[in-house]
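Undergrad: These protein sequence lines are chains H and S, in that order.
Numbering of the first sequence is given in the working numbering, commencing with residue 1 and proceeding in unit increments.
Numbering of the second sequence is given in the working numbering, commencing with residue 596 and proceeding in unit increments.
If you're looking for bench data, these hints aren't it; they were derived computationally from the structure.
Cβ coordinates follow ideal geometry from the N, Cα and C atoms, glycine included.
Honestly, I wouldn't trust all of these hints.
Said to hold, decoys possible - Covered stretches of chain S, as calculated for chain H (at least 3 residues, CB under 8 Å): (1) 646-652; (2) 656-665.
Said to hold, decoys possible - Far from chain S, by Cβ distances over 10 Å, these chain H residues were calculated: (3) Tyr59; (4) Asn78; (5) Ala196; (6) Ile208; (7) Gln429.
Here's the letter readout for the chains.
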Amino acid sequence: MKRLAIVGMPNTGKSTFFNRITGSSSRVGNWPGVTIDLLSAHIVLGGEAVEVIDLPGIYDLHGFSEDEQIVRNFLENNPVELIGVILNASQLDHQLPLALQFCKLGIQPLILINMIDEAYQLGIHIDVEALADGLHCPVLLMSARHGTGFNEVRETLTRYISEARPKPLDDMRNCLHADDAIVQQSDALIDRCVSAPSTLVRKITERIDRVLLHPWLGLPLFFAVMFLMFQVVYTLGGPLQDAVAFVLEAFKNSALIPLENVLSPVLYGFLIDGLYDGIGTVASFVPVIILFFFMMAIVEDSGYLARAAFLTDSLMARMGLDGRGFVMILMGFGCNVPALMGTRVMRSRGLRWLTMLVVPFSLCSARLQVFVFITTALFSPRQAPVVLFFMYLASFAAAFLTAAVFGNRLRSDEPFVLELPPYRAPLLQQVLLRGWHEISHFLRRASTFIISGVVLVWLLTHYPEGSTPGGAGTWASMLGEWLKPVLDPIGISAAMAVVLLFGFVAKEIVIGAIVAMTGLEGTALNGYLATQMDIIQAISFMLFVLLYTPCLSTLATQLTESRSWKFTGISLAWSLSLAWVVSFVFYQGARTLGY
Amino acid sequence: MINLSNLGIGDRAFITGIHAPDGMRQRLQSMGLRTGREAEVIRSSRLGPMQIRVGSIHLIMRRCDAARVIISADR
Chain H
1 MKRLAIVGMP
11 NTGKSTFFNR
21 ITGSSSRVGN
31 WPGVTIDLLS
41 AHIVLGGEAV
51 EVIDLPGIYD
61 LHGFSEDEQI
71 VRNFLENNPV
81 ELIGVILNAS
91 QLDHQLPLAL
101 QFCKLGIQPL
111 ILINMIDEAY
121 QLGIHIDVEA
131 LADGLHCPVL
141 LMSARHGTGF
151 NEVRETLTRY
161 ISEARPKPLD
171 DMRNCLHADD
181 AIVQQSDALI
191 DRCVSAPSTL
201 VRKITERIDR
211 VLLHPWLGLP
221 LFFAVMFLMF
231 QVVYTLGGPL
241 QDAVAFVLEA
251 FKNSALIPLE
261 NVLSPVLYGF
271 LIDGLYDGIG
281 TVASFVPVII
291 LFFFMMAIVE
301 DSGYLARAAF
311 LTDSLMARMG
321 LDGRGFVMIL
331 MGFGCNVPAL
341 MGTRVMRSRG
351 LRWLTMLVVP
361 FSLCSARLQV
371 FVFITTALFS
381 PRQAPVVLFF
391 MYLASFAAAF
401 LTAAVFGNRL
411 RSDEPFVLEL
421 PPYRAPLLQQ
431 VLLRGWHEIS
441 HFLRRASTFI
451 ISGVVLVWLL
461 THYPEGSTPG
471 GAGTWASMLG
481 EWLKPVLDPI
491 GISAAMAVVL
501 LFGFVAKEIV
511 IGAIVAMTGL
521 EGTALNGYLA
531 TQMDIIQAIS
541 FMLFVLLYTP
551 CLSTLATQLT
561 ESRSWKFTGI
571 SLAWSLSLAW
581 VVSFVFYQGA
591 RTLGY
Chain S
596 MINLSNLGIG
606 DRAFITGIHA
616 PDGMRQRLQS
626 MGLRTGREAE
636 VIRSSRLGPM
646 QIRVGSIHLI
656 MRRCDAARVI
666 ISADR
């Protein structure tokens, strides 16, 4: 099958073009020599099957950033017949050197000048024929967003792909070396072929920025936008999660429970309490991930995310993070899983990993449920909000501490330079596709890990045979007894240790686990909790729950996003030890002071 | 020798060089900060990053990175 690689700088509408030419048939996949997933799709051009690959947006084919290396590695390891170079029509002076770099590779290039409508509005005129002459390859004008010129692009692609031959990979490797003359050649071509007003003024964008990047108003507006985004994702996501749970529960009651008489108890327990509940855990994340990435696509495509980075950078720079990381940490207060996936907007690995270490300390809504339950059970109505507020402070403190500890180790050499694109209205199709891609990514990559984890915890809390589920005699309670020397100094009883094990799967099931374990509800349950821990133990327990590990799904996402067991292991070890030390200091300190 | 971080809002100057290790220099150049190009400061605050226009593209960069870009009043 022939291959068409789509390349270009960030913010050129590369993905819009890719989505327009491939429809929604695209999928993410692995490629030889490349360490990240790339989006690709199979299409038919003039009766010939063609694989289209969307390569990461880059500024320089010979540069040293990770994305630039990825593009080179891809071209060195995968034969490509045709390269579609997408350029932004109003920034040709800036982008043509990249096009020339691709032209020199010896693969048939096709220069697609995008966003031609914006360029016309700015008074830019492009002499396409002269440019095609100078570049020795076809040049086409188009608007991927509106479809202008798209038929011609398709025809030209069809014409060239049938005759195009890939370049031998060895030649390609020799070819991928820097060429200094390229910039001069580009400048000469621009002088000859492009006429633009001497100062390009982005009138509308500048007018919006005057408000959104205002020295005093900018930050409050940023927080307002974040609040709105948070509300949309989690107030809309909550009922949707309930709906998913309702459907799964209904299916379980009507179709699965009757199987109890047919299947052996062991198989039934494994299938229903292990496997099916595992699937339920995965499914509960689907609504928030989709909604989160709807909102992220809007914030990102509109150009606001770069503004957010601008506004919060002074605060974040000291932590070794950047403004986009701040957005993810804030979103993590709803749910850590989509926030971790969202760090993908950061292209530098050090920065991204640091953000992924910090995000799990955001006090997510699932942990909040546990804290609300415990504080209502054990504290007076006057104390409870203060304790909750203290938990939020601890969450922020842990995030700052983590950034301070790991900041130097993960510091990246890349300068912090971001393009500030003009504001653009996000396209509905792009927003929808983004949600779809992210959710299929999550389901494919993280679901096995999550389901296996749920099954494992089910085994630990229900076996060996004959033990009370979640109670004495199970492997889980043996583990609790075994961990006594570690948990005693922080005031956590063996029974609560089993609860921590459930909490590792998902914080949402912690309360359910306590209910199931004790068979108590309402006031009786509150009374039971009071026998298990006093106020100091309760705070110590909550601090531990806040920090020890967000949940199995967060861990699975860290693993699939970093693709590193080492990173995930370090993150887990760090949060476990931090949780223990903080709880220890608090508990022993409070006891020493006589509380 | 003055650098980009010395400029105030609305000031323009020509880039004469970049003082940075190879990888970082190439990165800055590929973002459009090339010798001979004119740069204009659009936004700047004492604590936060700067907004710079080079040709048709707007960049945000930290002061410490802007300080690596050497400029002069004429080409």
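Undergrad: A separate judgement is required for each hint: does it hold in the structure or not?
TA: Results for each hint:
For the segment 646-652 of chain S, the stated coverage by chain H holds: 5 residues have a C-beta nearer than 8 Å to a C-beta of that chain, and at least 3 were required. Counting residues of the segment 656-665 of chain S whose CB falls under 8 Å from any CB of chain H gives 4; the rule of at least 3 is met. In this structure tyrosine 59 of chain H is not separated from chain S by more than 10 Å, as the shortest Cβ-Cβ distance comes to only about 4 Å. Consistency note on asparagine 78 of chain H: stated as away from chain S, and its beta-carbon is indeed over 10 Å from all of that chain's, at 23 Å minimum.
Separation of alanine 196 of chain H from chain S is inadequate, the least Cβ-Cβ distance of about 7 Å not exceeding the 10 Å criterion. The beta carbon of isoleucine 208 of chain H sits about 13 Å from the closest Cβ of chain S, which is more than 10 Å, so the claim that it is off the interface holds. Against the 10 Å criterion, glutamine 429 of chain H stays outside the reach of chain S, whose nearest CB is about 26 Å from its own CB.
Checked against the numbered hints listed earlier, the structure breaks hints 3 and 5; every other hint is satisfied.
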